[in-house]
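Chain by chain, the residues:
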Amino acid sequence: MALFERFAPLMHAHDAVKAAGTDPFGVRMDRVLSPTEAVIKGRRTLLAGTNNYLGLTFDSGCIAAARSAMETFGTGTTGSSIANGSYGGHRALERALAEFFDREHGMVFSTGYQANLGIISTVAGPKDYLIIDADCHASIYDACKLSSATVIRARHNDPADLDKRLQRLAEQPGDKVIVTEGIYSMLGDQAPLAEIAEVKRRHGAYLVVDEAHSLGVLGETGRGLAQAAGVEADVDFVVGTFSKSLGAVGGFCVSNHPDFEVLRIVCRPYMFTASLPPSVIASVRAALETVARRPDLRHRLWRNIGTLYDALERRGFLLGPQKGPVVAVRLPSPEMAIHLWQALLNAGVYVNLALPPATPSGEPLLRCSVCAAHTTEQLRHMVDVLTDIAYDAGLLEPQMRAAAG
Amino acid sequence: MLKDPTVTSVEQAAFKEVAKVLEPFRRHETPITRDTDITADLDLDSLAVMNLLMQVEEKFDISIPLNLIPEIRTVGDLVKVIEQLTKGA
Chain A
1 MALFERFAPL
11 MHAHDAVKAA
21 GTDPFGVRMD
31 RVLSPTEAVI
41 KGRRTLLAGT
51 NNYLGLTFDS
61 GCIAAARSAM
71 ETFGTGTTGS
81 SIANGSYGGH
91 RALERALAEF
101 FDREHGMVFS
111 TGYQANLGII
121 STVAGPKDYL
131 IIDADCHASI
141 YDACKLSSAT
151 VIRARHNDPA
161 DLDKRLQRLA
171 EQPGDKVIVT
181 EGIYSMLGDQ
191 APLAEIAEVK
201 RRHGAYLVVD
211 EAHSLGVLGE
221 TGRGLAQAAG
231 VEADVDFVVG
241 TFSKSLGAVG
251 GFCVSNHPDF
261 EVLRIVCRPY
271 MFTASLPPSV
281 IASVRAALET
291 VARRPDLRHR
301 LWRNIGTLYD
311 ALERRGFLLG
321 PQKGPVVAVR
331 LPSPEMAIHL
341 WQALLNAGVY
351 VNLALPPATP
361 SGEPLLRCSV
371 CAAHTTEQLR
381 HMVDVLTDIA
391 YDAGLLEPQM
401 RAAAG
Chain B
1 MLKDPTVTSV
11 EQAAFKEVAK
21 VLEPFRRHET
31 PITRDTDITA
41 DLDLDSLAVM
51 NLLMQVEEKF
61 DISIPLNLIP
71 EIRTVGDLVK
81 VIEQLTKGA
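Quick note, the sequences are listed as chains A and B, same order.
Every letter in the first sequence is one number past the one before it in this note's numbering, and letter 28, counting from 1, is 28.
Every letter in the second sequence is one number past the one before it in this note's numbering, and letter 22, counting from 1, is 22.
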């Protein structure tokens with residue numbers, strides 16, 4: 001059997017997608033002009049699919065901090081956090097994260113993927129149980145594969161189903177660890193965290209919440225869904241990323257668990273990889289300070305979310321169930337999704353194309369993400385362009401086209 | 001870990017239920033047997049398989065660990081897992 005023969009159906013499907021024009025999974029940005037604009041295929045393009053929720057990628061303070069750290073400490077650490085890869089900045093960022101979340105401990109990973117991989121695969125042992133939400137991110141599923149625990153999948157955002165599954169395990173001696181996300185990356189919906197926390201307390205389980213898409217977005221001071229839902233005390237481990245609202249790359253975990261520090265010598269995705277470059281650490285520290293200091297960025301983001309979501313809804317698009325920084329346009333077929341995505345890009349608007357099986361319930365999506373730096377004009381323009389394209393493709397009824405943007 | 005297939009009432013009930021859930025995914029007139037390969041012989045993608053498992057879990061009040069899924073290839077394999085988890089309950 002040829003080495004990659006098992007991928008034949010996928011390669012075939014990918015060829016069909018590419019035949020429509022640009023490969024949606026191979027878009028090249030030739031220049032990035034700002035958090036909301038790039039040059040793609042020689043054309044100035046509006047970016048509405050970059051997870052850059054607070055628009056901090058070009059923040060002058062973040063850039064200055066990164067530049068200074070690079071000049072002082074060099075381009076990279078060339079080693080693991082447990083060998084030569086922990087500099088003063090790395091430790092300071094861990095303390096800053098712990099302080100930001102009002103927790104005892106903080107740990108920085110090289111990517112958000114590795115933070116989930118490391119924490120989730122390590123907290124639960126061979127006799128324990130991981131109970132994950134069915135719509136969890138691939139990094140959480142991969143963590144489960146790496147873990148020695150028994151892995152159980154609960155229905156998405158269904159505390160009653162979670163309760164039932166914990167009840168079935170009531171007689172089992174192992175620890176139970178629930179894993180959920182703050183905001184789900186595809187449809188942008190939020191976990192019913194207060195209800196999940198109640199189930200968790202009742203069963204004496206532990207709770208891990210991935211705040212990747214909610215850090216800097218939800219909660220009074222931007223700490224995420226747990227803060228917004230008032231259940232931070234019930235969350236044993238908060239995991240998150242630097243690659244969305246903080247505008248860089250990397251991941252973290254914060255916790256009050258008294259033995260948390262042992263993770264540094266048992267968590268393989270932390271130990272067996274090089275630590276983040278000093279410049280990234282410095283820009284993330286600056287970004288975290290900005291999140292704490294400038295709630296106006298969060299308010300602008302939410303104003304923009306309202307502008308985009310409400311306008312798309314008025315035009316008749318079927319959207320994700322809840323307003324948030326991810327606005328998903330739900331489409332009836334992959335062909336329609338690919339066509340709209342391609343036409344949008346040709347018209348100078350970039351969003352993410354999400355196709356099953358990477359989407360919940362097999363629905364193709366145009367996954368838009370909102371940025372605090374978007375202007376109202378940019379968002380209105382995007383809605384107008386998408387409406388025209390969707391109308392021409394027969395997705396929208398003619399009367400909806402005229403609806404107020 | 002799994003016992004040899006002995007036809008018990010649980011085994012029969014599990015087979016009946018699985019066959020019922022899989023009925024819409026049957027190709028042509030080929031009947032569903034214990035030897036039916038769930039992904040190769042039926043029109044099911046990975047998402048449909050996960051949804052199918054949720055239905056079976058609901059029906060039998062069990063949770064099928066994700067760890068066991070690589071071992072489930074045929075309808076008979078799934079029936080054995082249901083039987084085992086139901087006994088354990």
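Bear in mind the hints are in silico, worked out from the structure with no lab data behind them.
Among the hints, a few may not be true.
The calculated lysine-lysine pairs, modelled on DSS-like cross-linking and capped at a C-alpha distance of 30 Å, are [claimed, not checked]:
| # | chain 1 | residue 1 | chain 2 | residue 2 |
| --- | --- | --- | --- | --- |
| 1 | A | Lys127 | B | Lys59 |
| 2 | B | Lys87 | B | Lys16 |
| 3 | B | Lys87 | A | Lys145 |
| 4 | A | Lys164 | B | Lys59 |
These are the hints, each one checked on the structure:
no.: 1; hint: Lys127/A x Lys59/B; result: holds, 26 Å
no.: 2; hint: Lys87/B x Lys16/B; result: holds, 17 Å
no.: 3; hint: Lys87/B x Lys145/A; result: holds, 26 Å
no.: 4; hint: Lys164/A x Lys59/B; result: holds, 13 Å
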